[in-house]
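Produce the entire structure from the sequences given, and follow the hints as far as they go.
Its first residue numbered 135, the sequence shown is counted upward by one per residue in the working numbering.
Source of the hints: derived by calculation from the structure; they are not laboratory data.
Please note: incorrect hints may appear among the correct ones.
[As the list claims (entries may be wrong)] Here are the simulated DSSO-like cross-link-like pairs (lysine-lysine), alpha carbons at most 30 Å apart as the crow flies:
id : residue 1 : residue 2
1  : K341      : K330
2  : K330      : K320
3  : K320      : K236
4  : K236      : K341
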Amino acid sequence: MKIHNNIQALNAYRHLNQNEMSKNLKKLSSGLRINRAFNDAAGEVVSKKMHSQIRGLNQAERHALDCIALIQTAEGAVQEINAMLERMRELSVQAASGSISKSDKEQIQIDIDALTDEIDNISENAEFHTKTLSNPAPSGRPGSEVLNLHIQIGADADESINLEIAGIDSNALLESGGVNVESQRKAQAAIAAFDKAIENITTARAKLETVQNRMERTYAELSHENLSSTESGIRDADIVQGMAAFTRNNMINQSATAMLAQDNQRSQGVLQLLQ
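Next comes the structure, spelled out in structure tokens:
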């Protein structure tokens, strides 16, 4: 007598259905449709490129925010210095008058020197990420450049700008050696020097505002939400679809188990007849 067995069916069931169940469970537990390259090789390549792009955009956003903070630091210092220059010009106009005494002019000179020191103090202490706004050049010249920063504002190599901030210390804004108003002629020359300094500081402030506006627009345009959504659509698992596949395979497994149980019962019945 030949007794039928179902070893091949059992092997097929174990290797095929359990493998499908394992795939479904891995997708559902990880939340990813692509866990390995063989799940979707092309999708894996595209997803990794997008992920790299998103990381670059995240870093560019931080650069833009740092740049905006640096500009705001410089703009605050420029605003204070502009007010001081206007006061110094006012004092120079007063000193240029022939109606004031020598002692009055000496006091005006003391006030101007104190304001000059305060300008240098502001420029030296206005700092962002160890970058100061004082002029490092020993001789200095009006309007000389103190900061030249290369800022990456995008995820690609060619997406960058140069930020240049002119020197705002007394050597950069005024003639080296300071301003003297102790004579009428010198006071008149000081007025012209302060006019030039105010013009330079106003130009620097306008330039800072322009760059800040550009950086704010750049930051707004750096939103990576759409790219993240696309990358998520490629890599992430569809939970509803995954649950449907898992349920389907589970039902197939249960049906196969029931059929195998019935087959085993028939085999057991034959064995009982032989006893």
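Comparing the hints with the structure gives:
no.: 1; hint: K341 to K330; verdict: holds (17 Å)
no.: 2; hint: K330 to K320; verdict: holds (15 Å)
no.: 3; hint: K320 to K236; verdict: holds (13 Å)
no.: 4; hint: K236 to K341; verdict: violated (41 Å)
The structure is inconsistent with hint 4 alone, although it conforms to all the rest.
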